[in-house]
Amino acid sequence: MKNNVIKFLSIKSRSIKTVLFVWLVPIAASFMILAWIIHGVLLDKVTEKLIEHQLENQGVELERQLRPILKKDEHSVLLKNYIEEHIHHGLALKINDKIEVSTLWKPILKPFLESLPLNIDEFFYHSTLLPESRYFIIHSKKFQSLNDEIVLLIAEDISQLKTSNKTLHYWTALVFLVLSFTLLSLIVLSVNIALKPVKHLGFSLNELKTGIRDRLPDDTPPEFQGLVHQINHLLDSLEQRLQLSRQAIADLSHSVKTPVAAVRHMLTDFNFHLDKDSRTRLADKLTNIDKQIEIEMHRVRFGGPQSGKVAKPVPQSRELVWMLDRLHYEKQFELNTIIDEYHRWPIEEQDFNEIIGNLIDNAGKWAKHSITVNLFENNTHYRILVEDDGSGVSQEDIDKIGSRSVRLNNEITGHGLGLSIIIDIVDRYQGAINFSNNQFGGFSVEVKLPKK
Amino acid sequence: MRLLLVEDDEMLAETLSQILSKSGFAVDIVSSVKLAKSMGLQEQYVIALLDMGLPDGEGLQALNHWRKNGCTFPVLILTARNAWQDKVDGLKAGADDYLTKPFHNEELLARIQAVIRRTQGRTQSNIVVGGYTLDEERQRINTPNKEWHSLTGTEFRLLRCLMGRPGQLFSKELLIEQLYGLNDEAEHNTIEVYIRRLRRIIGREAIHTHRGQGYVFNEK
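Quick mapping for you: the protein sequence lines, in order, are chains A and B.
The opening position of the first sequence corresponds to residue 144 in this note's numbering, with each subsequent residue numbered one higher.
The opening position of the second sequence corresponds to residue 1141 in this note's numbering, with each subsequent residue numbered one higher.
In isolation and in its complexed conformation, chain B is listed as follows (with noise of 0.2 angstroms):
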């Protein structure tokens, strides 16, 4: 199981590799964004831990880089920043878990077969319809303007079931049914109040209101 690791700190890194080889890892070590670039094309790598601050630019740079390039390997962010912007914007980028420095060996141990064992046999999973793409892996939308955002898991699903079928008109009643199981209970107005968000982030055309009839994902 080859894994590359991205880190600038030559001490942290040799400890690293020492422990990561002793678990079965054939570990590649680069310190720079560069050479980070190229490595995650060139070689299949079972996971890549990313140090988010390196000497010539930031580790998302790199992460940006293999994502656009269809490298699909699983990506741990170790990183000494802690605020929750920086979480968000690594997650966003395409990573799959963020560890705070410092850390126990045990748990960098513990979240690196947890993100291989999630994320293996991940396949590109996209539902496009006209200028949309709804990323169903990482749960967001690509709207016409090439922008993604991120969204909640009521708002992902009831996409997935608009988008599954554009076209197609859906009651009320029938969202709620694929939405909640049949012990939950969903609120009167809870579909219009998720349409309207929806429409906020992707666009008032993109779904249209049948009046008394219910919703339809514009096909166009």
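This is chain A alone, in the form it adopts within the complex (with noise of 0.2 angstroms):
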């Protein structure tokens, strides 16, 4: 039951508008419902402090009249008049131990007057169930002439106004729940045309699969900006793997199919006497296959930027810095790296095995012996310095390798296809790459690839 509510509740999954409408709907109508609490309750205090200050003006009116005709004994004919111009109000009187209380008022008045401690001069509520239910404010006052202590008591019967307000109330609760549907009806409204966005994104990508657009539109609300461009970005690249795909492959087919076909002949061909310049020609055709074929599976292979799962620089590092710390046996690599375990560079893992990979290979063949790889970063780049203690590179071999006109399909002479490997991925980044000759008369390789 419990998870059920959890899940009913998660907004990981649940489709936006169902989420707006699980919160908003319930919050709107716990809001309605507590306004028209808190209004019946101000209307009650309302009417009370009305009543409580038209009864202190009144004790006050009768204190000024009381005063002067309390010697003369006239009290009770004042009382008299008092409750003939008031019908509605009851009035006791306390003259030192001499009670007076209008008539029908004496159940209720008498006992207050009889109980009430000496120095009082508030308001009480009282509240009667039998023989009906009903309501009283009595305002008390004392005050002193000249010898005497005079205790008032004046009452109002609100039974009447509290009838009045619960029905004016139940009366503001239709009103609230004429509210409250308006209210609702705008939430709706406000979520639909809030969502009208998405629908078009859902158009979008409908039309996206059937063919119709291939891209999503860029109009879209700030928080979709985001994501449409990143799906843009994937279906870009999409296109971009598809076509470098295909050109591998005709490339492929084009530099092939001629020596297979060379090969099969000399192959099938019975009469054709297999010599040893013969068979050596064949390996050669042989490995020049082999050297096409490699070179558009690394070309299909590079992911590129922001593809694929991005580079953990210092454990995919370490396990090539192991790897090749294992196969050159009689040779040190090393790894030096401030950056932290599981610091990501933005660059796709495969494509950073490559690059780091390649550079350490070479410099292992290079090396007399020790290599030390080095990864940096600072705020404008992501480098790796791979040193090697071999012969180094003269300068005119530096010159030529720097001179970016070698590419994947000019393997560079002893280096292999790897340098040319890396000089088309730092390419695909918009790095950088820089070979120098270092203070141990080594190589040295340097990658800057640029943050954005």
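Hints are supplied without guarantee of correctness; some may be wrong.
Unchecked claim - DSS-like, lysine-lysine: derived pairs with alpha carbons at most 25 angstroms apart: (1) B/K1208 x A/K508; (2) B/K1162 x B/K1232; (3) A/K400 x B/K1241; (4) A/K339 x A/K188; (5) B/K1162 x A/K452; (6) B/K1241 x A/K434; (7) B/K1232 x A/K474; (8) B/K1162 x A/K455; (9) A/K474 x A/K511; (10) B/K1162 x A/K419.
As the list claims (entries may be wrong) - Coverage of chain B stretches by chain A, computed from C-beta distances (three or more under 8 angstroms per stretch; other residues unrestricted): (11) 1171-1178; (12) 1222-1230; (13) 1333-1342.
These are computed hints drawn from the structure, not numbers from a lab.
Predicted, not measured: the structure shown is a model, and the values here were computed from it.
We put the CB at the ideal spot given by N, CA and C, even for glycine.
Each of the two chains sits in its own frame; use the hints to bring them together as a complex.
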């Protein structure tokens, strides 16, 4: 049960519309009910305050009238007059120990006058259940006149007012109900208007699926711009990869089919004598075919920026350093970096492996004793520096490698396919690659990839 | 010298077998993971040549099976896959070298000789402290959660030094002395950087810092 509730309230996988309704409708309804309750309480309070104010004024007025006539013992007359004037009000007087109460109010006011403490000047709320429910507000007042102590009680029956308030409050409930429906309709309208771009995006995705459009429109709300941008980027890179694969297959077909035909003719022509020279030529042809396949395989394997899984430079470098250290038993490979183990670089995982693997592999071939792999990062670039302690490279060769005319199809003498692969990947990331001889007399290659 | 050739391509297996026989090896050819697993355990081979893609599974399955059952003969992987991760996976599983297809016969023979020479007299040498096992031969460590982690040269030497005498306090100067020769200049914070990296790999509990004094490998 609890799990079902949590599942229902979970917003990760629910429709945005449902989540908005699930939260907004109960909240709006609760607020309206709360407002109605507060309205009822305030109505009662305002009425009571008004009556209290009236009673207080009358108390003052009565005190003013009573003071001069007390000695003449005319208070009974005054009381009678007052009751006639204010039929809804009850009045009780206590002059020293003598009590005068209007007849109808005797059962209510007399006990108060008898039991109240002497220091009183406040309001009481009193109710009776039998013979019917009735509510009263009683104001007590105490003052001295010469040597007489006078306690005055003025009371008002507010039962009628309370009933009127209740009726008004119920009518207000009807108004609140109408307001609630209006509010809910507005919520539904707002949610639908706010989610219109999502609906529009859904249509666009459908059009994308059916091939009517090839990209998603850019005019989306800011919340979806990142998503749309990423989807468009993926579509672009998919298209690019498709083109690249087709190009690679076309190139491969072009460069491989002819030598395959030549080899097959040579082998199936039984009149053709396979001497040593012919065998060597056959082997060369096959080596060439293999090289072409290798080049095209590398080309289609490139991920490029913002594709696939991103690289974890330290663990990936560590594994490759460890592996090459094991393969080149007599040489020492070391990894130098202060970059965090879990830190990631936005370079595709395989692309990073190709860069670092080929750099270390090449360095391993040329080093005498040791190879150091350094990983750095600053505000603008990710840097990989691989140094060996071999014999270095002549300035002429450095210029040749650095001329950037070297690409995957042009193998660099002495550096195998590896360096060409690195140059190609670095180009994709709009990075730079620097070659130099280092202080150990060996060769250093530095790859710099820009942060975007 | 008996050699196990695990290769499913008949033509390649046949030609390789001829070349290897001429070089003095008695070659057993198998073409499936299942057969490779049992042959590896039954016979005493001087080396195995293992193809990665076999009809009934991955060559690595056979390699894992051999290593798990204590077979220490060297293994040279022959693979048509040339992604770096495939090579790393092969060596992590216990291979000694890899050769990407196609290869020259001379290169294959040279690699076989090199691997046999390198691994001759190889003994399984481990340092075990608590739940940690340092594999000296393969330069890697097994942590209490039974995971193997490969180590670079300096990381391995530092750990070997600390695990060699668990519970003993090693000062920073002593560790620098052990890790670097007299002619090498280590930077001041080198040890801290490597200790931090090792802790990331093997967990924070394993190496204790005694402030101002040095480091201790936890015995427990």
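The hints, checked one at a time:
no.	hint	in the structure
1	B/K1208 x A/K508	violated, 33 angstroms
2	B/K1162 x B/K1232	violated, 32 angstroms
3	A/K400 x B/K1241	holds, 20 angstroms
4	A/K339 x A/K188	violated, 47 angstroms
5	B/K1162 x A/K452	violated, 47 angstroms
6	B/K1241 x A/K434	holds, 11 angstroms
7	B/K1232 x A/K474	holds, 19 angstroms
8	B/K1162 x A/K455	violated, 46 angstroms
9	A/K474 x A/K511	holds, 7 angstroms
10	B/K1162 x A/K419	holds, 20 angstroms
11	1171-1178	violated (count 0)
12	1222-1230	holds (count 6)
13	1333-1342	holds (count 4)
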